[in-house]
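Chain B: place on chain A using the hints.
2 protein chains.
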Amino acid sequence: MRNRSQRFARKAVKVDHAQNMIMRHVLKLGCEFTSIESCLHRRISKPLFAKECMPHFRRSGLDGYAVLSEEALFATPQNPTCLRVIDEVPAGYTSSKQVLPGTAIRIMTGSAVPDGADAVIMFEQTEEYQEEGEISIRIKHKVSHGQNIAKVGDEITSGQLLIGSGSRIGPGQIAVLASMGYEEVPVFRRPVVGVLTTGSELISVGDPLQPGRIRNSNTYMLAAQIEQYGGLAIRVGTAPDDRDEVARTIYNALETCDMLIVSGGVSVGDYDVMADFFTTMSGNDMKLLFNKIAMRPGSPTSATVINSKLVFGLSGNPGACFVGFELFVRPVLLAMQGIESPDKQHIQAIITNDYDKGCPHDRYIRGQMTLSNEQVKVSVLEKNNSSMLISIQDANCIIMIPAGSKGIAAGQQVAVIPLPYETTMY
Amino acid sequence: MRNRSQRFARKAVKVDHAQNMIMRHVLKLGCEFTSIESCLHRRISKPLFAKECMPHFRRSGLDGYAVLSEEALFATPQNPTCLRVIDEVPAGYTSSKQVLPGTAIRIMTGSAVPDGADAVIMFEQTEEYQEEGEISIRIKHKVSHGQNIAKVGDEITSGQLLIGSGSRIGPGQIAVLASMGYEEVPVFRRPVVGVLTTGSELISVGDPLQPGRIRNSNTYMLAAQIEQYGGLAIRVGTAPDDRDEVARTIYNALETCDMLIVSGGVSVGDYDVMADFFTTMSGNDMKLLFNKIAMRPGSPTSATVINSKLVFGLSGNPGACFVGFELFVRPVLLAMQGIESPDKQHIQAIITNDYDKGCPHDRYIRGQMTLSNEQVKVSVLEKNNSSMLISIQDANCIIMIPAGSKGIAAGQQVAVIPLPYETTMY
Numbered sequence: 001m002r003n004r005s006q007r008f009a010r011k012a013v014k015v016d017h018a019q020n021m022i023m024r025h026v027l028k029l030g031c032e033f034t035s036i037e038s039c040l041h042r043r044i045s046k047p048l049f050a051k052e053c054m055p056h057f058r059r060s061g062l063d064g065y066a067v068l069s070e071e072a073l074f075a076t077p078q079n080p081t082c083l084r085v086i087d088e089v090p091a092g093y094t095s096s097k098q099v100l101p102g103t104a105i106r107i108m109t110g111s112a113v114p115d116g117a118d119a120v121i122m123f124e125q126t127e128e129y130q131e132e133g134e135i136s137i138r139i140k141h142k143v144s145h146g147q148n149i150a151k152v153g154d155e156i157t158s159g160q161l162l163i164g165s166g167s168r169i170g171p172g173q174i175a176v177l178a179s180m181g182y183e184e185v186p187v188f189r190r191p192v193v194g195v196l197t198t199g200s201e202l203i204s205v206g207d208p209l210q211p212g213r214i215r216n217s218n219t220y221m222l223a224a225q226i227e228q229y230g231g232l233a234i235r236v237g238t239a240p241d242d243r244d245e246v247a248r249t250i251y252n253a254l255e256t257c258d259m260l261i262v263s264g265g266v267s268v269g270d271y272d273v274m275a276d277f278f279t280t281m282s283g284n285d286m287k288l289l290f291n292k293i294a295m296r297p298g299s300p301t302s303a304t305v306i307n308s309k310l311v312f313g314l315s316g317n318p319g320a321c322f323v324g325f326e327l328f329v330r331p332v333l334l335a336m337q338g339i340e341s342p343d344k345q346h347i348q349a350i351i352t353n354d355y356d357k358g359c360p361h362d363r364y365i366r367g368q369m370t371l372s373n374e375q376v377k378v379s380v381l382e383k384n385n386s387s388m389l390i391s392i393q394d395a396n397c398i399i400m401i402p403a404g405s406k407g408i409a410a411g412q413q414v415a416v417i418p419l420p421y422e423t424t425m426y
Numbered sequence: 001m002r003n004r005s006q007r008f009a010r011k012a013v014k015v016d017h018a019q020n021m022i023m024r025h026v027l028k029l030g031c032e033f034t035s036i037e038s039c040l041h042r043r044i045s046k047p048l049f050a051k052e053c054m055p056h057f058r059r060s061g062l063d064g065y066a067v068l069s070e071e072a073l074f075a076t077p078q079n080p081t082c083l084r085v086i087d088e089v090p091a092g093y094t095s096s097k098q099v100l101p102g103t104a105i106r107i108m109t110g111s112a113v114p115d116g117a118d119a120v121i122m123f124e125q126t127e128e129y130q131e132e133g134e135i136s137i138r139i140k141h142k143v144s145h146g147q148n149i150a151k152v153g154d155e156i157t158s159g160q161l162l163i164g165s166g167s168r169i170g171p172g173q174i175a176v177l178a179s180m181g182y183e184e185v186p187v188f189r190r191p192v193v194g195v196l197t198t199g200s201e202l203i204s205v206g207d208p209l210q211p212g213r214i215r216n217s218n219t220y221m222l223a224a225q226i227e228q229y230g231g232l233a234i235r236v237g238t239a240p241d242d243r244d245e246v247a248r249t250i251y252n253a254l255e256t257c258d259m260l261i262v263s264g265g266v267s268v269g270d271y272d273v274m275a276d277f278f279t280t281m282s283g284n285d286m287k288l289l290f291n292k293i294a295m296r297p298g299s300p301t302s303a304t305v306i307n308s309k310l311v312f313g314l315s316g317n318p319g320a321c322f323v324g325f326e327l328f329v330r331p332v333l334l335a336m337q338g339i340e341s342p343d344k345q346h347i348q349a350i351i352t353n354d355y356d357k358g359c360p361h362d363r364y365i366r367g368q369m370t371l372s373n374e375q376v377k378v379s380v381l382e383k384n385n386s387s388m389l390i391s392i393q394d395a396n397c398i399i400m401i402p403a404g405s406k407g408i409a410a411g412q413q414v415a416v417i418p419l420p421y422e423t424t425m426y
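So the protein lines, in turn, are chains A and B.
Mapping of the first sequence onto the UniProt record's numbering: residues 1 to 426, in sequence order.
Mapping of the second sequence onto the UniProt record's numbering: residues 1 to 426, in sequence order.
Derived from the structure by calculation, the hints contain no laboratory data.
It is possible that some hints are incorrect.
[Stated by the list, open to error] Simulated crosslink set (PhoX-like; lysine-lysine; CA at most 25 Å straight-line):
#	chain 1	residue 1	chain 2	residue 2
1	B	K383	A	K46
2	B	K406	B	K357
3	B	K51	A	K383
4	A	K151	B	K383
5	A	K406	A	K142
6	B	K11	A	K377
7	A	K357	B	K28
8	A	K406	A	K357
9	A	K142	B	K357
10	B	K357	A	K357
11	B	K151	B	K51
12	A	K287	A	K14
13	A	K151	B	K357
14	B	K309	B	K46
15	A	K51	B	K357
16	B	K357	B	K11
17	B	K142	A	K406
18	A	K377	A	K357
19	A	K383	B	K406
20	B	K28	B	K46
21	A	K309	A	K11
22	B	K11	A	K383
23	A	K142	B	K406
Everything numeric in this text was worked out from a predicted model, so none of it was measured.
In isolation and in its complexed conformation, chain A is listed as follows (with noise of 0.2 Å):
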């Protein structure tokens, strides 16, 4: 009877306390440096701090003259205050001058400041006028001690944090980066992760449909979720139908990856090969941490340590693979770059429409969130089934429907996980 017994008697554990045991297991990644051009979307291994101010000169915000506050405090169209222009300073050029009484200094938006002045007046307050060959400005408006003049230290001070570790990358952290001259930037190595699918009814994605056969689509699904939060997928292929084989095949394949991914063969199907795997294979090398989940779907999914790396048996149905991978892997990824309690991402929404299924397990299905006159709600996708990968593409988060014996109502409220596959959003 082929292991049957084995398989039907398998413990299952709680989702979050699969989740825990997982994250025991999180392996350490180093890190390396990648160019600031090639950056984008990779995470910040470490703390970066500031080594110089921002700005690091009294910088101007407009075009206009530097002069000195007192000379122009009370000045008004009906009594003007008169200053000599004696110098003109391009951004990006320093003034040889200083700004004496009587004086002042034309200079451009992000210019610095000449020594001397404490102010500067845009041009749109200012006329200009010529006397004895020399130009000449009349303020007429009131000049405050301060005005239009950035700081030294005023946006960022010297020392202070700038990215914090496991930040992911953006045009706003790249902004930091660039102007804080890291040409360089330290981030945490791309985890590497293999992805091997069992299955003898899988063809390619190229072949023609035959009876009986459909494509291998969790291959490609998996390796797209993996990139997602950042790993390196690597395809291994597919795995034989045979116990033995399907271990080398693993143990091979855990000389390159440092983590493993298998969709199939989990369930209690005669030819599922990983469940034989995960449920009797075990030694100094191999430690089981669970081949249960109290889910649905993907109640099968199971995980095992193998020389301090995790191997993860999803379900090869491609609803279930993909709640298992969110659920269980996505995690683990963003530990591994960084990111403190990863797995505690859920936000509370309103359910616009009911569903009546009740499961004596709590059951994640497939929604999408909508960000509509303030409220957060989310629905229930259509062709929800574990089986089924139509609606894959429009969640754009999970729900978490309680167990019980009812499901839930549309107008409740109910824990969802949002997934950063982008739907009604960009």
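Showing chain B alone in chain A's frame:
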């Protein structure tokens, strides 16, 4: 006075009018094919319709026995139905036999249901026994017609829309593409966007600071924004401080780029060469769209069309540059890749802090949106001046503060434009 009067005489247009003008000049891009392995985050260039049903055969939803339901409609533990097992079918294979009265065929999850059978009963609800050297099963639960069988086309019917044009490819789209046999995926060509920076105050990222000088950060920030929205950024370099030389640089760049962004030099300063360029140059091949917008920050934001290609002049101030990109360049990039109405992506949120800076024009400031207890909340980030860049990394939205003398108070509703840069969510 260096065209000073012309610069001050610019006519401001409203933000939505500027967006509408720009959208009339979106360049239509061709499409290309990319392999399914490398299509993540690209955009589908034409609607894809199903050529096959899914499943394309009657598929078993679990591991069990294919039976005739009418034989076990009333099966109970006291009155079980007994059937002889005449074949077993691994997933991917089909049985040459037919399920006839008194018989059953053992099948696996995903297997084709053999002819004759109209229901599948799970292993767990049967008992195997041997009789006269043959394997039989005892069914103790009632079986209903169609149970555990996915009908042909249950998930996808031939001819239905699979993925719409412009859809961004994520794991869900990839699963659909793979299962439907798309080894090569039709996607829009990536828009090639040149980035040119002006400003004699700029030094390279690797250079040590000098008095009055700052490192160029806008080039890298803009390149990251371009890539975020599917574009290919080309760094054109730093423009000379001469109008005609800048013009030559721009015309050269447009030979290889679909669009060009210039940062800096658009204001009223003496060396604001881009202001000159936009304001004074025109001809058969160049048409100014606008050179001033009624908004803060970034009021001198400009756009022109040269030989049917858009050239944007964004503020050199990093905060204003960032916002200007999101408001005016992002919609164009998305429209080039098939998104309809990409400039209408605002939602409503509750602001959590006062913003009491009145302004005669609408103000667009960096915000952080959080989803908490079913509510969409947004807070104004500190260090939000147009010259500041440190807060950009924490911005996952732009808050629109309407024109008025009072700003806006905590608890009020504001319109926000969500951005795809993660902060609190992954």
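So if I understand the rule, the pair passes when the alpha-carbon distance is 25 Å or less; does K406/A with K357/A pass? This hinted pair holds, its Cα atoms lying about 7 Å apart.
Pair hint outcome, K287/A versus K14/A [Cα-Cα no greater than 25 Å]: holds (18 Å)
Taking 25 Å as the top limit, are the C-alpha atoms of K142/A and K357/B close enough? Between K142/A and K357/B the Cα gap is close to 20 Å, so the pair holds against 25 Å.
Is the Cα-Cα distance between K377/A and K357/A 25 Å or less? holds (20 Å)
Given the hinted pair K357/B and K357/A, is their Cα-Cα distance within 25 Å? violated (52 Å)
Does the alpha-carbon distance linking K383/A and K406/B stay inside the 25 Å limit? violated (50 Å)
Run the distance test for K357/A versus K28/B: straight-line Cα separation, threshold 25 Å. violated (47 Å)
25 Å limit on alpha-carbon distance, applied to hinted pair K151/B and K51/B: Measuring from Cα to Cα gives roughly 17 Å; hence the hint holds.
For K51/B and K383/A, compute the direct alpha-carbon distance and say whether it is at most 25 Å. holds (19 Å)
Would you check the hint for K406/A and K142/A, treating anything up to 25 Å between C-alpha atoms as holding? violated (72 Å)
Would you mind confirming whether the straight-line C-alpha gap from K309/B to K46/B stays at or under 25 Å? Holds, at about 23 Å.
Hint check: K151/A vs K357/B, CA-CA at most 25 Å. Holds or violated? holds (21 Å)
Going down the numbered hints, you'll see the structure goes against 5, 6, 7, 10, 15, 19, 22, while the others check out.
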